[in-house]
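Enquirer: Protein chains in written order, with my numbering: chain A, 1 to 332; chain B, 1 to 499.
To be clear, the hints were calculated from the coordinates, so they are not data collected in a lab.
Be aware that one or more of the hints could be misleading.
[Said to hold, decoys possible] Cut-off 30 Å, straight-line C-alpha distance, at most; resulting in silico cross-link-like pairs (DSSO-like, lysine-lysine):
no., chain 1, residue 1, chain 2, residue 2
1, B, Lys93, A, Lys187
2, A, Lys187, B, Lys430
3, B, Lys64, B, Lys172
4, B, Lys93, B, Lys2
5, B, Lys240, B, Lys373
6, B, Lys156, A, Lys187
7, B, Lys240, B, Lys430
8, B, Lys238, B, Lys172
Predicted model only: the values in this text are computed from it and were never measured.
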Amino acid sequence: MSSHEIIIGLAGVLFTAAPIVFATIGETFTERAGVINLSVNGTILLSAMSSFAVAVSTHSIFWGFVAGIVVGMGVALTVAFSSIALKQSQVAVGFVLTLMTRDLAYFLGNPYMGLQGPRVHNWPIPVLSKIPVLGTLLFNFDPLTYFSFILIIAAWWWIFHTRPGLILRAIGERPAAAYVRGAPVNKLRYLYTALGGALVGLAGPTYSLSVKAGWKGTISGLDGIGWIALALTIFGGWDPVRGAFGAYLFALLQWLGLVLQPYMPNIPSQVLQVAPFPLMILTLLFVNIGNTEWVKRTLAGLPPDARRWATRILRWMQVVPPSALGTTFEEE
Amino acid sequence: MKIELRNIHKFFGPVHANNNITLSIPSGSIQGLLGENGAGKSTLMKILSGYLRPDRGEILLDGKPLVLNSPADAIRAGIGMLHQDPLDFPPMKVLDNFMMGYPRGLGLPKREAREALLSLAEQFGFSLDPDAYVDTLTIGERQQLEILRLLWLGAKILIFDEPTTGISAQQKEKLFAALRRLASEGKTIIFVTHKLEEVEVLCDRVAVLRAGKLVGEAYPPYNLDDLVRMMFGKVISKGKRIEIPLGKPVLQVKDLAVEDYRLRIEGVNLEVREGEVIGLAGMEGSGQRHLLRACAGLIRPVGGEIWVDGENMTGKTYHSFLRKGVAYLPADRMKEGLVPGLTLSEHFALAQEQTGFVIDRAAVLKRTEEHIKRFNIRGRPDSTVESLSGGNQQRALLALLRPNLRLILMEHPTRGLDMESAIWVWNTLKERCRQRTAIFFMSSDLEEILHYSDRILVFFGGRVSEPLDARTTTVEQLGQLIGGRGFESQPEAAREVAK
Ligand SMILES: Nc1ncnc2c1ncn2[C@@H]1O[C@H](COP(=O)(O)OP(=O)(O)OP(=O)(O)O)[C@@H](O)[C@H]1O
Ligand SMILES: [Mg+2]
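Required output: the full structure, derived from the provided sequences and hints.
Expert: This is how it looks when you write it as structure tokens:
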């Protein structure tokens with residue numbers, strides 16, 4: 001493989017990871033607020049299908065995207081409403097919704113199977129895209145990919161460097177304490193669930209109008225992506241930058257599966273396709289190693305300086321879920 | 001600011017937690033609020049801080065009616081509250097906690113906040129590291145952080161709900177000095193407690209609640225007997241030391257060493273006999289807990305031996321200790337002792353020896369009702385444990401203990417309990433001692449340790465004193481030992497490792 005092919009391939013990784021980044025960051029916002037939206041997988045399918053259908057019918061990419069976002073928000077608000085107002089289990093509702101939206105996508109999408117539809121065009125950035133190597137790697141995408149880059153930074157900045165972001169972390173951590181500090185906990189939970197849902201919804205049209213343009217029903221290859229996004233949210237420790245890093249790792253593994261296949265004829269292609277999934281699980285295990293008893297014991301034996309560093313690194317690696325994740329909070 | 005509460009009522013289902021309470025508090029004073037467990041103190045304060053809404057009644061601030069729909073309204077009106085259990089964010093940093101709730105702007109005012117935190121801390125003689133994580137702080141420090149935060153937000157009325165529970169003697173002194181100072185600056189302080197000594201040294205006036213009603217007010221010099229009568233409707237007292245003849249040895253600890261990554265205790269030698277009570281004194285985190293947990297089989301000792309009833313139990317599991325009749329009651333009742341969400345009768349069903357597969361509802365209910373009566377628990381068999389007041393949770397825990405135990409290990413057996421409940425708890429425990437159970441407990445209440453123990457071990461930074469005879473030790477001696485006097489030097493070493 002030539003170096004040019006590798007650069008194109010890596011740019012492809014950034015491009016195909018964009019929808020996963022959207023879904024992961026969306027779910028990160030939602031879970032930071034203390035709500036688990038388990039419907040991500042089905043939502044992506046339904047929003048991919050509906051935005052394709054709308055774009056085909058209206059000949060407008062714009063309305064296609066609107067449709068995808070609305071679907072995502074709608075499903076997310078259903079989770080929020082049944083949890084906050086009806087006090088139902090978020091996990092149960094989300095799980096039912098993920099199955100329902102998936103079937104709905106396949107069923108309602110039938111008439112649009114295999115149709116030709118519009119797709120988003122590339123917008124090479126003037127001047128910058130002409131830089132050798134870097135231009136191809138970073139500045140020759142469609143707007144969605146650029147948006148995914150901006151979103152990572154913006155979400156990270158919002159969550160960790162703004163006042164509303166601090167409150168967001170607070171309501172997922174200890175809603176009662178956030179409430180006594182004046183935060184309208186449940187209102188914010190609706191808001192962030194809707195925002196998160198909108199981003200998950202955006203992943204749909206990013207597939208059906210760009211990354212994997214079109215709608216091919218069950219062979220669209222989108223099934224499972226939502227579960228990966230949910231895992232990445234955890235792997236990323238509810239941090240957009242780390243979550244996005246995971247998304248790129250996953251896209252990279254998928255790409256490697258494709259390019260390495262010809263070199264490894266003995267390994268069935270399915271193995272390489274499935275490999276990214278167990279690899280993600282291994283990473284999850286590794287991330288949480290600092291919690292285990294034997295690691296703590298080993299640490300205790302180190303000299304003080306080394307121990308302090310090791311503890312710091314482990315503390316950084318370790319992911320701690322928002323304590324109030326999945327619980328409801330009743331304002332009097 | 002002057003506060004007036006008028007005819008406040010609050011119901012929780014059938015419980016009338018606040019019954020027609022009318023109280024006015026002038027500005028610049030420290031108002032005490034006394035009452036037994038479950039009297040309705042926290043409820044009233046939560047109403048004043050906007051956390052709960054009264055079912056009837058009104059609040060006036062400087063004569064103007066004030067409607068509080070949420071804590072946000074109260075903060076805007078200048079009312080801040082420190083809740084009974086610190087409502088903060090342990091996994092976050094001190095500075096983040098400090099800024100949390102700052103009402104304006106998109107960016108985080110990090111530099112401003114850091115400066116404000118440090119300068120306020122200096123004014124009050126607190127030392128807080130803005131970059132430390134809150135879960136590494138003591139309860140007292142978390143409280144100091146909350147006080148500074150509220151002051152930064154401009155609170156003019158500060159409510160403290162039982163702030164002295166779980167803090168050290170020095171922290172208490174600092175807290176009281178801060179409160180006096182705030183009052184002298186014209187702020188209104190409300191101080192909730194059930195300890196008479198604290199009212200006596202601190203409060204300019206006191207109101208007493210009993211069973212949801214305001215039963216009276218008093219001014220200094222206080223007549224403590226009157227206050228007790230108002231609180232409980234009768235006179236109660238601790239009574240004399242109970243002496244119980246000791247039997248044969250139950251627990252033998254030989255040259256024990258226990259450690260975790262913060263602290264190491266070693267060279268503990270002790271023999272505890274039937275009917276004996278051993279008190280463990282020392283500042284929080286000096287190693288008392290390690291010893292208790294080792295004796296319960298929860299942590300494996302790194303050296304030495306533990307014998308129970310003549311059997312070497314070193315390194316055995318919690319369950320084998322349990323089978324030998326060793327019970328352990330942790331400090332955090334809701335986290336480790338009881339199961340939130342389960343009812344009292346479900347707890348009794350769990351605690352019972354498992355015989356069948358299906359729960360015999362009728363039998364469990366009967367047992368639960370018996371225990372509720374015998375242990376005087378204010379609650380019903382179908383009350384969930386978290387709806388019980390602190391005192392009643394502790395009673396429930398004691399009721400759940402199996403009969404014929406050999407050794408009971410307890411952390412803070414009466415923390416948060418009013419005088420009557422505390423006396424009741426100890427009467428129950430001494431009753432157990434008469435039936436030849438030994439008790440091993442830690443407490444930060446020196447009076448409690450001196451009054452109820454036979455012998456005392458003092459912990460300081462992981463080092464353990466020789467057993468002291470409780471009859472001949474004074475509070476002063478004990479206080480000095482806890483502060484590290486009498487132990488050989490190098491007191492800093494332990495703290496250094498803890499960082
Ligand atoms: N959220 C709630 N749901 C049901 N009952 C409650 C609730 N909060 C308080 N209660 C009940 O209201 C009564 C008053 O409780 P409150 O917490 O005000 O007492 P307190 O005076 O603060 O007691 P303590 O000294 O134990 O803190 C108690 O009987 C308690 O069981
Ligand atoms: Mg209370």
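Enquirer: The structure should be examined with respect to each hint, and the outcome stated for every one.
Expert: Status of each hint after checking the structure:
no. : hint                    : in the structure
1   : Lys93(B) <-> Lys187(A)  : holds, 25 Å
2   : Lys187(A) <-> Lys430(B) : violated, 52 Å
3   : Lys64(B) <-> Lys172(B)  : violated, 35 Å
4   : Lys93(B) <-> Lys2(B)    : violated, 35 Å
5   : Lys240(B) <-> Lys373(B) : holds, 26 Å
6   : Lys156(B) <-> Lys187(A) : holds, 28 Å
7   : Lys240(B) <-> Lys430(B) : holds, 13 Å
8   : Lys238(B) <-> Lys172(B) : holds, 23 Å
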